[in-house]
Structures are given as structure tokens and as C-alpha cells.
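Given next are the chains, with one letter for each unit.
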Amino acid sequence: MRFQLIGVNHNSAPLEVRERLAIPESRLPDACRDLSAYPGIEECMVISTCNRVEIVAHTTNGHADLRGFLHQHFHLKPEELDAHLYEFREKEAVRHLFRVASSLDSMVVGEAQILGQVKEAYATARAVGAVRGQLDQLFSRAFAVAKRVRSETAVGSSSVSIASVAVELAKKIFGTLEGKTVFIVGAGKMSELAARHLMAHGCASIFVANRTYDRAIGLAQKFNGQAIRFDDLYSTCDRADIVITSTGSPHAIFRREHGEQFLARRKNRPMFFIDIAVPRDVSPDMAKLDGIFTYDIDDLQQAVSSHVADRRKEAELAEAIITGEVERFEARLHTLDVVPTIVSLQDHLETIRQAEIDRVRGRMGQLTPEQEIAIEALTRGIINKVMHTPITTLKTAAKESEATTVVDVVRRLFNLHDKEKEAEPPAKKNEVGTRP
Amino acid sequence: MSLLWLRFALGCYFIGLVYAFVALTRTSDLFSRIALHAASLGMVFHFVSLAELFLSGQVVWASVHNGESLLAFLSMTFFMIIYAIYQTTSPGVVVFPVVFFLTFVAAVDQQPVLLTQFVSHKGWLIAHIILIFTGYAALVLSFGASLLYLLQERRLKAKKSTSLISFLPALEVIDQIGYRSLLLGFPFMTLGLITGSIVAITTYGRMDFLDPKILLSLLMWAVYMVMVFTRWNSGWRGRRAAFLATFAFVAALAAWAANYFSAIHRFAAS
Chain V
1 MRFQLIGVNH NSAPLEVRER LAIPESRLPD ACRDLSAYPG IEECMVISTC NRVEIVAHTT
61 NGHADLRGFL HQHFHLKPEE LDAHLYEFRE KEAVRHLFRV ASSLDSMVVG EAQILGQVKE
121 AYATARAVGA VRGQLDQLFS RAFAVAKRVR SETAVGSSSV SIASVAVELA KKIFGTLEGK
181 TVFIVGAGKM SELAARHLMA HGCASIFVAN RTYDRAIGLA QKFNGQAIRF DDLYSTCDRA
241 DIVITSTGSP HAIFRREHGE QFLARRKNRP MFFIDIAVPR DVSPDMAKLD GIFTYDIDDL
301 QQAVSSHVAD RRKEAELAEA IITGEVERFE ARLHTLDVVP TIVSLQDHLE TIRQAEIDRV
361 RGRMGQLTPE QEIAIEALTR GIINKVMHTP ITTLKTAAKE SEATTVVDVV RRLFNLHDKE
421 KEAEPPAKKN EVGTRP
Chain P
1 MSLLWLRFAL GCYFIGLVYA FVALTRTSDL FSRIALHAAS LGMVFHFVSL AELFLSGQVV
61 WASVHNGESL LAFLSMTFFM IIYAIYQTTS PGVVVFPVVF FLTFVAAVDQ QPVLLTQFVS
121 HKGWLIAHII LIFTGYAALV LSFGASLLYL LQERRLKAKK STSLISFLPA LEVIDQIGYR
181 SLLLGFPFMT LGLITGSIVA ITTYGRMDFL DPKILLSLLM WAVYMVMVFT RWNSGWRGRR
241 AAFLATFAFV AALAAWAANY FSAIHRFAAS
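One line per chain: the protein sequences are V and P, in this order. Start counting the first sequence at 1; every next residue gets the next number (my numbering). Start counting the second sequence at 1; every next residue gets the next number (my numbering).
Please note that a few of the clues may not be correct.
Claimed, not checked - List time: in silico PhoX-like cross-link candidates among lysine-lysine, alpha-carbon distance up to 20 angstroms: (1) K147/V x K172/V; (2) K157/P x K171/V; (3) K157/P x K288/V; (4) K171/V x K159/P; (5) K189/V x K147/V; (6) K313/V x K172/V; (7) K122/P x K172/V; (8) K313/V x K147/V; (9) K119/V x K147/V; (10) K159/P x K172/V; (11) K122/P x K288/V; (12) K77/V x K91/V.
To be verified - Covered stretches of chain P, as calculated for chain V (at least 3 residues, CB under 8 angstroms): (13) 5–18; (14) 189–198; (15) 204–218.
Quick caveat, the hints were computed from the structure, so don't treat them as lab data. Glycine is no exception: its CB is placed at the ideal position from the N, C-alpha and C atoms.
With the rest of the complex left out, here is chain V (with noise of 0.2 angstroms):
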């Protein structure tokens, strides 16, 4: 196992180091190419996100300099990045791996995004050629283990964003979204964001009401909207069934007998408020009419602190499946590391029992059919009993870290070394070094 991996987080570097390491999509492969051709690099790929860059990489010795990678590649000098990035090796970057595709390292744990992106680094990285068995197989895994997080654990199950608790508490509201009116009062970047979410959800329509109309009007077609006029505000709000405000006004700008009269107006079908502005937008006396149902920032960002709790929770669980996934691939990764020795430790000897056979039957002259089987199963037997204990400590060394120190003395006990260079082409000793 001689996997690398290099990089910076949200957690490591701040923005301005992680904008200059960041990779365009379209560039990816280039930067794929670049370091597949660095000295040492058997294999790789690069991961590049708003949150994180980070280089994963099988050596041809387990010390590639991936450090002076980065230096070259985005002209950097060792002050300015080093003290930003992180390096793990072996089994520790295999569980940087694992944690990064679980979404575990994610500056929201267990986010669904992260997942999708390293999906597509991968590919990106698997077109150019970079990767092929050693990061196939680790990848493979990732995903697998980033999927049994996922359902074995409520990681991602709910939702830490307002705009997403929004719509959430929408659903509550209004099974369905489908088909619903939204009314964004005040254009900003946050109610933009909700109403985003909000459509994708299903909304159908939306009026946007603002003070100054012109901004009203440019974020109306963002959406396919409609603007109101800030004055025909309370006239045409009963026809929304979810608001979204955030204006600037210092005073409550919906009071109670607005919510009345929507009421009357709608039949009292329910109306869902959501009130992002400081101060409030929506008056608190308006929560107490039946169907009218108000969220302030606050209220948001408590579902939001809550569901983050529960998160951290969970991700607990979700790092203890992944120490065990990471034993699990490393025990089976050694064990791959012993099978060709193994593999070659059974032709030795088999070659030199046909050949004592053969030897032996030259002297013998003719023998009975009784009598090859008898000497058959007789050599047979020697030679089972001889590699047995050989094999069994190969596999028993193969979970553990003295694994290559047992192949190297019973290759060189054997000399299976040379004859195995000889005798097997390089790629069918990669075919059974990869085999599952």
C-alpha cells in the first residue's frame, strides 16, 4: 500500500490560499496529466472543490514528493503554501479518503455534494489514463464505504441550511409544492436563495415586490416573475401561499389585520411567512391567526443548529464504520500483496516435483498405473505439507504490518524472485496483484 495523498481544506487554509489552488473543471485533466507524468507517481488524481484541493496519489516507493507538485505546478513558494497543507500516507490517507467521500470532512458534515464531486474527479482522472488499478480499487471502496454511511447513519438526513429548512418546514406545511405561489418581498442574495430552493422544489410561480421597482423587475426575470409595485403589496399578497421577506424597513411592515385580511381573502387557506429581515419584517402577533405560519431568522437558525446536533451525532457512528472499512480494505490489500508470492511458491515446487517424477521414472522404466498414481499422490502429499506452513504465515503476515518482510524472506528462501521476472510478463503479474 503505498498510497499519498496531499491537499488543504476550509479547515487548513484560508480562501485566499485555497483560490489559488483551486483547479477549473476544464483544466483537470491537464493537471491530471502533469502529475501522472511527476517522478514517482504510479498513479493519481485531483480533487478540486470550493472547499478543498487535494492530490491523492499510489507511489512507486511511498515518497514521492507531491509537495514540490504543488510548488511547481501553481508556482508557489514553500512558505506560502506549506504551512497549509496536510500529507497522510498508507492507511491514513486511505481514511482521509474515506472521510472526504462520506462527507464527514465537509465544512457541513454530511452534505450530499461532496460525493458527486469526487465521482467526477475520479472520472475526469480515470479518461486521462491517471487512474487505473491501485486507485481503482481504493476509489471503488470509497464510494462503497461513503454509501454505507449514508444509509447506515441519519449523517445527511437533515436539513442544515435556512434555505433548505425553509422548504422543508414548506412541505410540512404544504405536502407538496407543487403548484404554489411564492412572493419575495425585498430582493436579496438570501431570499434569492430561498426562492431558488423553493422552486426547485416545485413552486410554480413567484412576484417580487421591492422598493425600488427596477431591482423588483431585474429579479422577477431571473425567475420568470412577476414584479409588483411596493405599493400594491398588500393587495396582491393573498395570492401567495409562501412570503419570503427581507426588507430594510425598521417597522414590521405585515402586521395582524394584514394577516386577516389575507385570510378572508384566501379563505384561510394557509399562508407560510418566512421572515429573514433584522428587524423583523413580520409582526409576532401575526403567528397567533390560525393558518398563518411565521419563521423568523432565528426560528430558522435554530432548526438549523439542531439539525447540525443531530448531525454530529451521527457522525460519530459514521466514523466508526470507517475505521473498520479501513482495516477492512487494508487487511484485503495485503493480502493481494501476498497472493503472487504464493502463487509462485506453488509453481516452484511444482516444477521440481514433475521434474523428480520425470528423473525418477527414467530409472524406474515402466511403471503400472497403480504405481503412478501411488507416486503421484505420495509427492503430492510431501509438497502440500512442506507449503503449508509457509502459506499459512504468509497469510497471517499479509494482516499485518510485517507482511513485506515475510514475502521478501520466502521469496528470497525459495528464489522465486528472478524466476518470477523471468518467467511472468509485467502485466499479467499487475492482473494478479489487482485481482478482488
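Assemble chain P onto chain V, guided by the hints.
Structure of chain P alone, referenced to chain V:
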């Protein structure tokens, strides 16, 4: 024999009853599936019990207990229809206890049949029973839905993100369940009362409007109509609707209880 099947059904409904209490405190997918299967099995037994009763040749439908059994069965049917449409077992919280109670009373023992001896038009009587019970079952369901609506509304207003009663469907879905049961039940209830009046008039030759059964039935119908009207006209829901639904439900219970002391609408031996 019919009583035995009914008791089997009662056993199954008991699981539903336990579910109703558990569902109020915590959510369990597994348990709601178990309750659903138990309720379906209960309905099979229940159906067999009713079919046997019908095939036995006597119209013992008009006994109080058999009436209760039929009402329980119709309520379960409504519950299952709602489950088929909305994939939610939450109305069970109200429906299961009501059904259990009705089946329990019906399964206690067999009652003598009296009324049918005097009735000259059995066809009208059967129509009356089926129509009015369908109306009752719909009423039970819309009552249940209005309680669940209140519960969900409180929950959303309390702004607790992790609440115990998260099994409830969305507010509008509950509202739709209630409204549709109401709309469906009203014509049945109305026709049931009309056929009942026909039976009364053909049997006794007149209507005694001061009889408690008739008074209470008319009251129940009036509340029912007010509910449909306020909902249709001004979309009443939430607290006011729940208040009306409770009132209608109590009126229905009272009208049912009147069977035990009404002079003209009595089944039991006096």
C-alpha cells in the same frame, strides 16, 4: 359463529389500538406496518362476521350491536381508502380507538332483534342503515382529521424541529382528508335521514319530532351542514373547524345513545 369472527377481528383491532397510543409518543415505521397488517386482517374477520350475519337470512342488521359492528367496519374501510390515497396511517390514531370501542361493544353478546318485526319496508330499512352508517364513518374520520390538524398546527407553531409527533402528514394533506370525508359523508347522512323518515312514516304513520332520537339526529345533521357550509364558504379549518367537528361528533354519539331510550327507534327488548 358470527360473533366468534367478530372477536377475532377485535383481537386484531387491539393491535391498532396499541399503535394509536404509541404513535402519539414516538414514531416507528415497523409498528405502523404491523398495525396496518393487523387492521387488514381484522377487516377480513370482520367481513366474514358481517357476511355470515347477512347470509343467515334474518335481517339482524337492525340490532344495536350489529349496527355498531357495521359502523366499525365502514370506518375501517374509510381508513383503508385514505391509506391507499395518502399512504398515511396517522388517522388511525383516532379511527383505531373508535373502531375498537365499537367492535368491543358489538362483540360482547348478541342482542335480540325487535325493530324489524314492525317494519313493513325492509328495503328502505337496509338502505337507511347503510347510508346513515357510511355518513357516521365519514364523520368519525373528519373528526379524527380535524384533531390531527390541530395537533400538527400546534407543532408547527411551536417551532420545535424535533418533536415526538413527527409521524403526521403535512397540514394540507390532513386538511384534505378531513374535507373530503366531510363532503363524502354529508350526502350519505342526508339520504340516510330521509330513508329513516320514510321508514318511520310507513311504520308509524307519522313523525314524532319530539322523540329524542329524531331531535338529536336533526341536530347532528344541522351541525354537519354548518360544517360543510363554513368550510365551503369561508374555508374554516383549524381551531374553529375542530370545535365544530367535535360538536358534530358529540351530537352523533348522543343520537346513537338515543337508541337506548327512544320510543320509536329502539331495538332492544323493553
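So, going through the hints one by one against the coordinates:
The hinted pair formed by K147/V and K172/V fails the criterion: a straight-line CA distance of about 27 angstroms is larger than 20 angstroms. Among the hinted pairs, K157/P with K171/V is consistent with the structure: their alpha-carbon atoms are about 14 angstroms apart, no more than 20 angstroms. The suggested pairing of K157/P with K288/V holds, with an alpha-carbon distance near 9 angstroms, which does not exceed 20 angstroms. Pair hint K171/V plus K159/P holds up; C-alpha atoms about 14 angstroms apart against a cutoff of 20 angstroms.
With a C-alpha separation of about 33 angstroms, the suggested pair K189/V and K147/V falls outside the 20 angstroms cut-off, and the hint is violated. Our distance criterion of 20 angstroms between C-alpha atoms is broken by K313/V and K172/V, whose separation comes to about 24 angstroms. Note on K122/P and K172/V: the hinted pairing is violated, with a Cα-Cα distance of about 49 angstroms set against a maximum of 20 angstroms. The hinted pair formed by K313/V and K147/V meets the criterion: a straight-line CA distance of about 18 angstroms does not exceed 20 angstroms.
About 12 angstroms separates the Cα atoms of K119/V and K147/V, which keeps this hinted pair within 20 angstroms; it holds. Restraint check for K159/P and K172/V: satisfied, since their Cα atoms lie roughly 12 angstroms apart, inside the 20 angstroms limit. A distance of roughly 53 angstroms separates the Cα atoms of K122/P and K288/V; the hinted pair therefore is violated under the 20 angstroms criterion. Restraint check: the Cα-Cα separation between K77/V and K91/V comes to about 29 angstroms, which exceeds 20 angstroms; the hinted pair is violated.
Three residues within the 8 angstroms Cβ limit are the bar, and the region 5–18 of chain P against chain V gives 0, so the coverage statement is violated. Residues of the region 189–198 of chain P lying with their CB closer than 8 angstroms to a CB of chain V number 0, which falls below the three-residue condition for coverage. Under a criterion of three residues with beta carbons nearer than 8 angstroms to beta carbons of chain V, the stated coverage of the region 204–218 of chain P fails, only 0 such residues being counted.
Violated hints, listed in ascending order, are 1, 5, 6, 7, 11, 12, 13, 14, 15; each of the other numbered hints is respected by the structure.
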